[in-house]
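Here the protein sequences come in this chain order: A and B. Heads up: the first sequence runs through residues 1 to 333, numbered per the numbering used here. Heads up: the second sequence runs through residues 1 to 290, numbered per the numbering used here.
Source of the hints: derived by calculation from the structure; they are not laboratory data. All figures in this text were calculated on a predicted structure; none of them were measured in a lab. Even for Gly, the Cβ is constructed at its ideal location relative to N, Cα and C. Heads up, some of the hints might be wrong.
To be verified - For lysine-lysine, the following BS3-like pairs were computed, each having C-alpha atoms within a straight-line distance of at most 25 Å: (1) K281(B) x K221(A); (2) K281(B) x K144(A); (3) K276(A) x K221(A).
Said to hold, decoys possible - Example chain A residues on the side facing chain B (calculated, C-beta under 8 Å, incomplete): (4) L52; (5) F55; (6) F59; (7) T86; (8) L135; (9) P158; (10) V160; (11) F168; (12) G210; (13) N294.
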Amino acid sequence: MHPAPTTPTTAAPVRSHEERTGPAPAPSGPTPAPAPRGRAVDWRRWTPLGFLLPFGTLFLITFVAPICYALHQSLFKLHRSGLGLTPPSTVFTGLSNYADALADGAFTSSVVRVLLIGAVQVPLMLGLALLLALLLDARRTPGKRFFRLAFFLPYAIPGVIGGLMWSFLYQPDVSPIADALAGIGLHVDFTSDSWLPWSVGNILTWGWTGYNMIVIHSALKAIPDELTEAAALDGCTGWRLAWHVKIPLVRPALLMTTVFSIIGTAQLYNEPVVMKAVAPNLSSSWTPIMAAQNEVAANNYHAAATRSVLLALVIFVLSFGFMRFVNKRGAAL
Amino acid sequence: MKQSSAGPARAGATRAAGRIGVLAVLVLAALYSLLPVWWLVVSATKSSSDLFSSNGFWFAGRIEIVRNVSTLLGVQDGIYGRWLLNSLLYAVGGALAATLLSAMAGYVLAKYTFRGREAVFNTVLGAILIPAPLFALPLYLMFSATHIVNTFWAVFIPSIVSPFGVYLSRIYAAAAVPDELLEAGRIDGAGEFRIFRSIALRVLQPSLVTIFLFQFVTIWTNYLLPSLMLANDRLQPVTVGLVAWKEQRGQTVPYNLIITGALLSVIPIVVMFLLLQRYWKAGLTSGSVK
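So that you can see chain A by itself, here it is in the shape it has in the complex (with noise of 0.2 Å):
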């Protein structure tokens, strides 16, 4: 299920994995299915290969390759000598690393965070999104078309650049929205430390309701008419219609855009780096990523790459659980 990486230079103990499935095209052995038909029977049974080749390999240096430098490097530390005399040496040290960065609090303390940022802005994105993909599927909304295209719009708009405008609406000097806020009295710094969980919050929110509406939209869609119609035979419309037979049918596409809601939450990254422009309080290991990156700035190359293979466990328990979550309700991906 996962491109299970393993260590290939080291003789280190591999952190826990599961089972190895053989990422590389390997060559394919005897085909069973096609009848032997003279010398072309050679040439088809390497085709798969042939095609796979490119993708293939492409895919082991982009992602199973740095996976498995990731782990090497995270089980090795720079050692320096005490005068700096000679060039520092690569010592192996096993899990210390691990152990290091799960010491280091501003590492955990932006994992903690991004998760308290989800845990408040995925639930009410979702909502929403919900919200207007079943305004937008009741039968007498008028303006479907204007209405679909205005959410989505958001989702056209580049993170990093959608971040860059939400930056100068926040900025006190420029913004038209603290302005707006202080002519009724109320005096906000959305740069400020208390602020900007909801700041960010609201980036992601404004960027990815719409991307979410369509999902659920397109699964409101495919209900029969017939369900809905004999449901409001017997009385069942608006709200009680939505609530007791639309929702629980697009329950599995609901479950999905909370997984992807998730991962995404979790890698963090472009929406508080461009705060930072703003918000010189917002620190430079605000979330995990920006903590491993933080390391890289730092030359600690062994450090960031135990962040990145942190993180990315983090990410697997949380999208794998919910996906096994989901699956044990029989809902598909």
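Starting from the known structure of chain A, fit chain B onto it as the hints suggest.
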């Protein structure tokens, strides 16, 4: 249609109230979605001083958009144009290559039986569920060990690998490419690659457009990977360049030009979205991976 038990007049009144309520929610949500974009458009027409002094959601006296664009294109030896071209090169080239590779792999996974097929497909599925940004940092560490960082290839190579594309084209090929057509091609003596090129690719066309679009947008909007990989600002895409300008707090490039640059950079994507809506929806609902 059966009328509910309440009097028709009262039912009509509540229904009207309900419809006003629904409309109010929709309008509020549309304002939330559109106002920031409106702000971007309006602000791109302002001079630097008007940006600070005028109402953010309405035009200032003079419309300076033409001047803003021409100044923007001249800043730092025209680096903004260079960034746009870079983005275009990464996105068009990368998406084309990714589409072809994905189509080949997905087609083979759908239409041939061979040992390890499911294992390969499951690996690809797993890769979809692990978000690409997670790979950016390890990839940087690896590329920097092999001295590929700060080259065109450091951004381009990762861009042409699209597990989602493989997934999409496998699903589509399994459903849309009939075995009989392939057999007919074989009986006519066509080679396997010829069959792929002249039969499968043609049938797969709609899904290829979807893959291309998704990969184009993924690359165009990518920030983490190029910002890690590229120190040379002449290789950077427009996203990285704009954020770097913003980080200098308007000191090298005034805010109104950054805003104009942001507006120009989203136009290609928004236009694509509007023109190709049905492909978007196909991609979103058949896997829904960013």
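The hints, checked one at a time:
1. K281(B) x K221(A): Answer holds: K281(B) to K221(A) is near 12 Å, not above 25 Å.
2. K281(B) x K144(A): holds, 16 Å
3. K276(A) x K221(A): violated, 41 Å
4. L52: holds, 5 Å
5. F55: holds, 4 Å
6. F59: This hint holds: F59(A) lies near chain B, its Cβ roughly 6 Å from the closest one there, short of 8 Å.
7. T86: violated, 21 Å
8. L135: OK, holds: L135(A) within 8 Å of chain B, min 6 Å.
9. P158: holds, 3 Å
10. V160: This interface hint holds because 4 Å falls under the 8 Å limit.
11. F168: holds, 7 Å
12. G210: With Cβ-Cβ at 7 Å, under 8 Å, it holds.
13. N294: At 11 Å from the nearest chain B Cβ, N294(A) fails the 8 Å test, so the hint is violated.
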